[in-house]
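Visitor: What follows is each chain in one-letter form.
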Amino acid sequence: TQLLEQSPQFLSIQEGENLTVYCNSSSVFSSLQWYRQEPGEGPVLLVTVVTGGEVKKLKRLTFQFGDARKDSSLHITAAQPGDTGLYLCAGGSYGGSQGNLIFGKGTKLSVKP
Amino acid sequence: ETGVTQTPRHLVMGMTNKKSLKCEQHLGHNAMYWYKQSAKKPLELMFVYSLEERVENNSVPSRFSPECPNSSHLFLHLHTLQPEDSALYLCASSQEVYWSSYNEQFFGPGTRLTVL
Chain A
45 TQLLEQSPQF LSIQEGENLT VYCNSSSVFS SLQWYRQEPG EGPVLLVTVV TGGEVKKLKR
105 LTFQFGDARK DSSLHITAAQ PGDTGLYLCA GGSYGGSQGN LIFGKGTKLS VKP
Chain B
4 ETGVTQTPRH LVMGMTNKKS LKCEQHLGHN AMYWYKQSAK KPLELMFVYS LEERVENNSV
64 PSRFSPECPN SSHLFLHLHT LQPEDSALYL CASSQEVYWS SYNEQFFGPG TRLTVL
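Keeping their order, the protein sequence lines are chains A and B. Quick note on numbering: the first sequence equals residues 45 to 157 in the numbering used here. Quick note on numbering: the second sequence equals residues 4 to 119 in the numbering used here.
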């Protein structure tokens, strides 16, 4: 069974701080996705990483896919209150249906002004 | 309206009630999904539909009954639920049902269900 472990589970920081959250697995994935879910809303896709070692930047967010395609990290620089939310990683494998999209439990981030 | 919409946004029901959740996608997608999101658990896939045909059913209790009358609408019929079924129920859609890094899933805002 493929599992994705996310850490930390909860993170509370002050505005302006940097942070990194992790998504780890013992399984290899074809790609990993990161979603952000705000209270009262559904998850929204932030990025998809597909190549081992790949780094993608989205403004203050930097996403990295591990060389072995088993893990990923999300780094936020100078966090802002608008970054508050639940960050979910999801792994997928080619050849399967969308039912093969495996989600982690998420990291709940709170950024205080 | 655009994207994926869900109604109602909040639902409180007793264990003997029958209710239905509705999902509509305005994206022209061919695949639709129901997920259950509970505290401290990963998103759980419940049902997958491709072009109105159910392609996956992940051992969901029969008190949950999905219906997909066309590729834009998805329902989840609920009856004799248990308190542990209280959760956020999310609907999602994607262009196709097969997995690819370019086949993004779009989620609705969810229905917060409370079973008393």
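Keep in mind the hints are simulated off the structure, nothing from the lab. Every value quoted in this text rests on a predicted model; they were computed, and no experiment measured them. For every residue, glycine included, the Cβ atom is placed at its ideal position computed from N, Cα and C. Mixed in with the good hints there might be a few duds.
[Unchecked claim] Below 25 Å or equal to it, Euclidean Cα-Cα: the simulated PhoX-like pairs (lysine-lysine) are:
1. Lys152/A - Lys44/B
2. Lys156/A - Lys101/A
3. Lys149/A - Lys100/A
4. Lys101/A - Lys152/A
5. Lys22/B - Lys39/B
6. Lys21/B - Lys39/B
7. Lys149/A - Lys39/B
8. Lys152/A - Lys114/A
9. Lys44/B - Lys114/A
10. Lys43/B - Lys114/A
11. Lys156/A - Lys22/B
12. Lys149/A - Lys114/A
13. Lys152/A - Lys43/B
14. Lys114/A - Lys100/A
15. Lys101/A - Lys114/A
16. Lys149/A - Lys22/B
17. Lys149/A - Lys44/B
18. Lys25/B - Lys44/B
19. Lys152/A - Lys21/B
20. Lys149/A - Lys101/A
21. Lys156/A - Lys114/A
[Unchecked claim] Okay, the calculated bits of chain A under chain B, using three or more residues with CB under 8 Å as the criterion:
22. 85-96
23. 147-157
Visitor: Work down the list of hints and note, for each, if the structure agrees.
Guide: To see whether the hints hold, each was checked on the structure:
1. With a CA separation close to 13 Å, the supplied pair Lys152/A and Lys44/B stays within the 25 Å bound.
2. Restraint check for Lys156/A and Lys101/A: satisfied, since their Cα atoms lie roughly 23 Å apart, inside the 25 Å limit.
3. A threshold of 25 Å between alpha carbons decides the hint, and for Lys149/A with Lys100/A the separation of about 22 Å falls inside it, so the pair holds.
4. For a cut-off of 25 Å, the pair hint linking Lys101/A to Lys152/A stands: about 21 Å separates their Cα positions.
5. Between Lys22/B and Lys39/B, the direct Cα distance comes to roughly 16 Å. Compliance with the 25 Å bound is thereby established for this hinted pair.
6. About 18 Å separates the Cα atoms of Lys21/B and Lys39/B, which keeps this hinted pair within 25 Å; it holds.
7. For the suggested pair Lys149/A and Lys39/B, the alpha carbons sit about 12 Å apart, so the restraint of at most 25 Å is met.
8. Taken as a hint, the Lys152/A and Lys114/A pair is honoured in the structure, with Cα atoms around 22 Å apart against an allowance of 25 Å.
9. Distance check on the hinted pair: Lys44/B and Lys114/A sit about 20 Å apart at the alpha-carbon level, within 25 Å; holds.
10. Distance check on the hinted pair: Lys43/B and Lys114/A sit about 22 Å apart at the alpha-carbon level, within 25 Å; holds.
11. For the hint pairing Lys156/A with Lys22/B, the CA-to-CA distance comes to about 39 Å; that exceeds 25 Å, so the pair is violated.
12. Restraint check for Lys149/A and Lys114/A: the C-alpha separation of about 16 Å stays at or below 25 Å, so the hint holds.
13. Taking the CA atoms of Lys152/A and Lys43/B, the gap is near 11 Å; set against the 25 Å cutoff, the hint holds.
14. A threshold of 25 Å between alpha carbons decides the hint, and for Lys114/A with Lys100/A the separation of about 17 Å falls inside it, so the pair holds.
15. With a CA separation close to 19 Å, the supplied pair Lys101/A and Lys114/A stays within the 25 Å bound.
16. Between Lys149/A and Lys22/B the CA atoms are separated by roughly 28 Å; this puts the pair beyond 25 Å, and the hint is violated.
17. Of the supplied pair hints, the one linking Lys149/A and Lys44/B holds, its CA atoms being roughly 5 Å apart against a limit of 25 Å.
18. With a C-alpha separation of about 23 Å, the suggested pair Lys25/B and Lys44/B falls inside the 25 Å cut-off, and the hint holds.
19. With a C-alpha separation of about 33 Å, the suggested pair Lys152/A and Lys21/B falls outside the 25 Å cut-off, and the hint is violated.
20. Between Lys149/A and Lys101/A the CA atoms are separated by roughly 23 Å; this keeps the pair inside 25 Å, and the hint holds.
21. Note on Lys156/A and Lys114/A: the hinted pairing is violated, with a Cα-Cα distance of about 32 Å set against a maximum of 25 Å.
22. Interface restraint, the segment 85-96 of chain A with chain B: holds (7 residues with C-beta to C-beta distance below 8 Å; minimum three).
23. Interface restraint, the segment 147-157 of chain A with chain B: holds (4 residues with C-beta to C-beta distance below 8 Å; minimum three).
Of the numbered hints stated above, those contradicted by the structure are hints 11, 16, 19, 21, listed in ascending order.
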